[in-house]
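**Q** Taken in order, these protein sequences are the chains called A and B. The C-terminal residue of the first sequence carries number 342 in the UniProt record's numbering, and the numbering is unbroken. The C-terminal residue of the second sequence carries number 342 in the UniProt record's numbering, and the numbering is unbroken.
One or more of the hints may lead you astray.
Stated by the list, open to error - If you want the ones that stay clear, here's a sample from chain A, every Cβ over 12 Å from chain B, calculated:
#1 76
#2 99
#3 151
#4 163
#5 176
#6 220
#7 221
#8 268
#9 287
#10 320
#11 328
#12 329
Said to hold, decoys possible - Quick list of in silico lysine to any residue cross-link-like pairs, SDA-like style, CA-CA up to 25 Å:
#13 A/183 - B/141
#14 B/324 - B/147
#15 A/183 - B/101
#16 B/183 - A/105
#17 B/183 - A/108
#18 A/5 - B/141
#19 A/127 - B/101
Read the hints as simulated data drawn from the structure, not as lab findings. Think of the CB as a built atom: it goes at the ideal place given N, C-alpha and C, for glycine as much as any other residue.
There are 2 protein chains.
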Amino acid sequence: MTTAKQGKALDLDGSRILIAGAASLVGSHTADRLLEAGVKEVVLLDNFAFGTPEAIAHLKDNPRVRIVRGDLMRLHELIAATEGMDGVLHLAAYMTLGFSQTPWEAVDVNVRGAQNMLEACRVNKVKKVVFASSNAVYGYGTGIVGALAEGGPFHSTGAPPAAILYGASKIMGEQLCRQYHQKYGQDYLVLRYSTVYGERQHYRAANALYIMETYDRVRRGERPVLPGDGKDTKHFVNVADVARANVAAFRSAATDVAMNISGPEPVTTGELVQLVLDYCGSTLEPEIKPDPPGTVRLTSGGAFHIPHDLAGEVIGWKPQVSMKEGIRRLLAWREAQEARAR
Amino acid sequence: MTTAKQGKALDLDGSRILIAGAASLVGSHTADRLLEAGVKEVVLLDNFAFGTPEAIAHLKDNPRVRIVRGDLMRLHELIAATEGMDGVLHLAAYMTLGFSQTPWEAVDVNVRGAQNMLEACRVNKVKKVVFASSNAVYGYGTGIVGALAEGGPFHSTGAPPAAILYGASKIMGEQLCRQYHQKYGQDYLVLRYSTVYGERQHYRAANALYIMETYDRVRRGERPVLPGDGKDTKHFVNVADVARANVAAFRSAATDVAMNISGPEPVTTGELVQLVLDYCGSTLEPEIKPDPPGTVRLTSGGAFHIPHDLAGEVIGWKPQVSMKEGIRRLLAWREAQEARAR
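All chains, full assembly: derive it from the sequences and hints.
**A** Spelled out as structure tokens, the structure:
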């Protein structure tokens, strides 16, 4: 049984939910699930700096969907956008690549942007905030081994600055939520997604991109590239499972707790490549290749996994999509997309 | 022997050094040491939001000192202030109390302010940045036990949001330095001060303030208050030692490394109170009292210490001022100050 603090559950039927950073993989899938759950309105907020109109193209003519162009750095826009909202899903964030390439914008959005959104929610008495965090709060480098459970520390030895900046920015985002809870009673839940992948995947997530890169090589008849010895661990989670977790978080009465959202089990790079080869029906042999200098990876190659038992206890969620099924869906979507483009 | 990366040492004789957040305990003492070391000019930058003119009153008529009112959130002011500077000591920061009471300003100064200063240093080709960090990068709560050495992770379980925000903001500041080093070759050193105390102490540092509070009670004839069982550990460092460390950091050729700056040894709360009682020649018995709810402390009471061996190896520094001597200096200063006021 969970010992999570109890706030108020949100009855999604007839409610209004805003998604910040909505023109995205997780945003678009979550909007689909919220509409299925009977919400009255979904507001899709994005500044379209990275989010693409394509990601939400299937939603734009839905009468229950409203697309709002807004920027997390402009508090007044957030106050206007959250007026009348029952819940807010805060997805908007820069990741490690962003902290490397555009560190000013990344600092803005991940720290001040989160603070602005919480302030807007306070002003408009938004009942529940679901804050998208990341397993980056456990850090990177040689310390990342074994189970990365919710009470664990943040490791950084041997990691590049951009990765540490990203992780620390997510720690700050989580703590700003806690601060608004303690100061103003704001109900919130933090979901720490592991590496999200799936249909409508964008091209900023370095780890998720690897599935696509492998697929592209195999289809060109090139051998897939296996960094290191292929035993590097990754722990993905399919976007369908993440969308279900977001909905479950809104529906849960739990508050003031952070939980991991990860796939059924971790996968090694070798297994991942084999799943793509199997999907393609290819017999190509993977090519083992050391990472180029400066490559940013979650770990230094240690075996780790991200337990999601707490999410089971707190919001009654567990992942349903296996890596094999998730890769099938992703690559089938990719093929359908290309067929349409031809 | 150190394996620290080597940049260029700064010849302080004839050099120009800017101190950001200069109207402060550490700032004023470091300015004194820099002037002794023969610098041509010390620029004392402060926005005087917390810094007080009193802290630098003894310096204001020195022809080698220039006081500049400037704000870390205004990049153009930092670019103007760092023009022609050889070195920058970046002290300006909000601490845990600031992240609790004024979290917007704290986020601004500790994250964006550090980024602004690094950018100004890049623009003006400042040779060396010494960035004041904190043992807060090891975090708080139940994880803080034993030696807090430089490779250790950031703990946060059981800690209040403001403390975690402060620690994470310092992690970000350090990593922004590393990023400027990697991207632009900026020479820098990070000094992680433990709890600084000493003459001209200000009233924002919750832990250092305890010495003064104890002294005030004893002089009023009240029993000093001992939180918990008096075995709570604190690891102070005297401001004279910190000022020497800052000077040593400028003079060192080492770059791109973070090191602890801590006093000779940790002290328990019980020992600390006894030192104050001894100084006052008092036989009052300490009163044991549990902390009020919401009290912010570095640890949950575990025994810990902060080794400073790396600073010995990298910049040839070790602390000289014992807790007994440091308390004597602090309280003698306090008495002299009050005598002047009468």
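**Q** So, for every hint listed, does it hold in this structure?
**A** Hints, one by one, checked against the model:
1. Distance check for residue 76 of chain A against chain B: the nearest CB is about 15 Å away, which clears 12 Å, and the non-interface claim stands.
2. The beta carbon of residue 99 of chain A is not kept farther than 12 Å from every beta carbon of chain B, the shortest such distance being approximately 8 Å.
3. Look at residue 151 of chain A: its CB is around 5 Å from the nearest CB on chain B, not clear of 12 Å, so calling it non-interface is violated.
4. For residue 163 of chain A, the requirement that its beta carbon stay farther than 12 Å from each beta carbon of chain B is not met, with the minimum near 9 Å.
5. A beta-carbon of chain B is positioned within 12 Å of the beta-carbon of residue 176 of chain A; the least distance is around 7 Å.
6. Every beta carbon of chain B lies more than 12 Å from that of residue 220 of chain A, the smallest distance being close to 34 Å; the non-interface claim holds.
7. Listed as outside the interface, residue 221 of chain A is consistent with that label: its C-beta sits roughly 37 Å from the nearest C-beta of chain B, beyond the 12 Å cut-off.
8. Even its closest Cβ contact with chain B, about 25 Å, leaves residue 268 of chain A beyond 12 Å, as expected for a residue assigned away from the interface.
9. Distance check for residue 287 of chain A against chain B: the nearest CB is about 29 Å away, which clears 12 Å, and the non-interface claim stands.
10. Listed as outside the interface, residue 320 of chain A is consistent with that label: its C-beta sits roughly 30 Å from the nearest C-beta of chain B, beyond the 12 Å cut-off.
11. Every beta carbon of chain B lies more than 12 Å from that of residue 328 of chain A, the smallest distance being close to 38 Å; the non-interface claim holds.
12. Residue placement check: residue 329 of chain A keeps its beta carbon more than 12 Å from all beta carbons of chain B (closest about 36 Å).
13. Of the pairs offered as hints, the one joining residue 183 of chain A and residue 141 of chain B holds, with about 20 Å between alpha carbons and a cut-off of 25 Å not exceeded.
14. Of the supplied pair hints, the one linking residue 324 of chain B and residue 147 of chain B holds, its CA atoms being roughly 22 Å apart against a limit of 25 Å.
15. Between residue 183 of chain A and residue 101 of chain B, the direct Cα distance comes to roughly 10 Å. Compliance with the 25 Å bound is thereby established for this hinted pair.
16. For the proposed pair residue 183 of chain B and residue 105 of chain A, the alpha carbon gap of about 17 Å is at most 25 Å, so the pair holds.
17. Restraint check for residue 183 of chain B and residue 108 of chain A: satisfied, since their Cα atoms lie roughly 20 Å apart, inside the 25 Å limit.
18. Taken as a hint, the residue 5 of chain A and residue 141 of chain B pair is honoured in the structure, with Cα atoms around 20 Å apart against an allowance of 25 Å.
19. Simply put, residue 127 of chain A and residue 101 of chain B have alpha-carbon atoms about 24 Å apart, close enough for the 25 Å limit, and the pair holds.
When each numbered hint is compared with the structure, violations occur for hints 2, 3, 4 and 5.
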